Amino acid sequence: MYFIGDSFTWGQWVSEEIIFPRLVESELQQTVINLGVPGYSFAQYETLFNEWIAKYKPQTAVLSIVANDLTNYSSDIGQKIYDTLKERSFSPWYEKTFLYQFVLKNSKKSLAVKTGKSIFKEAKNG
-15 MYFIGDSFTW GQWVSEEIIF PRLVESELQQ TVINLGVPGY SFAQYETLFN
35 EWIAKYKPQT AVLSIVANDL TNYSSDIGQK IYDTLKERSF SPWYEKTFLY
85 QFVLKNSKKS LAVKTGKSIF KEAKNG
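So that you can map any letter, position 37 of the sequence shown is 21 in the numbering used here, and since no number is skipped, the others follow by simple counting.
These are computed hints drawn from the structure, not numbers from a lab.
Any given hint might turn out to be false.
What the hints assert, rightly or not - Taking lysine to any residue and the SDA-like style, the derived pairs with C-alpha atoms no more than 25 Å apart in a straight line are: (1) K39 with V21; (2) K39 with Q13; (3) K41 with A27; (4) K41 with T15; (5) K41 with F82; (6) K39 with D(-10); (7) K39 with Q28; (8) K41 with G20; (9) K41 with D(-10); (10) K41 with V16; (11) K41 with L7; (12) K41 with P22; (13) K39 with S25; (14) K41 with W(-6); (15) K41 with S25; (16) K39 with G20; (17) K39 with P22; (18) K39 with I17; (19) K41 with F86; (20) K41 with E30; (21) K41 with I17; (22) K41 with S10; (23) K41 with Q14; (24) K39 with V16; (25) K41 with V21; (26) K41 with V(-2); (27) K39 with E9; (28) K39 with Q14; (29) K39 with I2; (30) K39 with S(-9); (31) K39 with F82; (32) K41 with R6; (33) K41 with I3; (34) K41 with S(-9); (35) K39 with V8; (36) K41 with L12; (37) K41 with Q13.
Said to hold, decoys possible - The following label-pair restraints were derived from C-beta to C-beta distances: (38) F82 with Q(-4): 15 to 23 Å; (39) K41 with W(-3): 19 to 27 Å; (40) T81 with S(-9): 14 to 22 Å.
Because the structure is a prediction, the values reported are computed rather than measured.
For glycine and all other residues, C-beta sits at the position ideal for the given N, C-alpha and C.
Generate the whole structure from the sequences, applying the supplied hints.
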């Protein structure tokens, strides 16, 4: 599993063991390659994709997009994503992300263990 992103993915100002790619690695017991680089944006993401993802063909690749990536786009791909998101409602978008589903699913498991029963309905896709 490869993570592509900027300083948020890289883990700026956060200790290595709690950056989100490491948390995913720990939870899934799967090797994670963190390709987060501070200051990177869509132009560099495209380069990382071509150099790493296309070459090594991992089973899963996660592109971490932060709000500043959408306003400071510097490539055609960034413009396309920005335009697409601008056309859609922003309220439910996060519910469809892997990270949201991952946290939701694991918080339900944790509550089920603590209470002895699940108090939430299962996520539609989880």
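Hint numbers not upheld by this structure, sorted from lowest to highest: 26, 29 and 39
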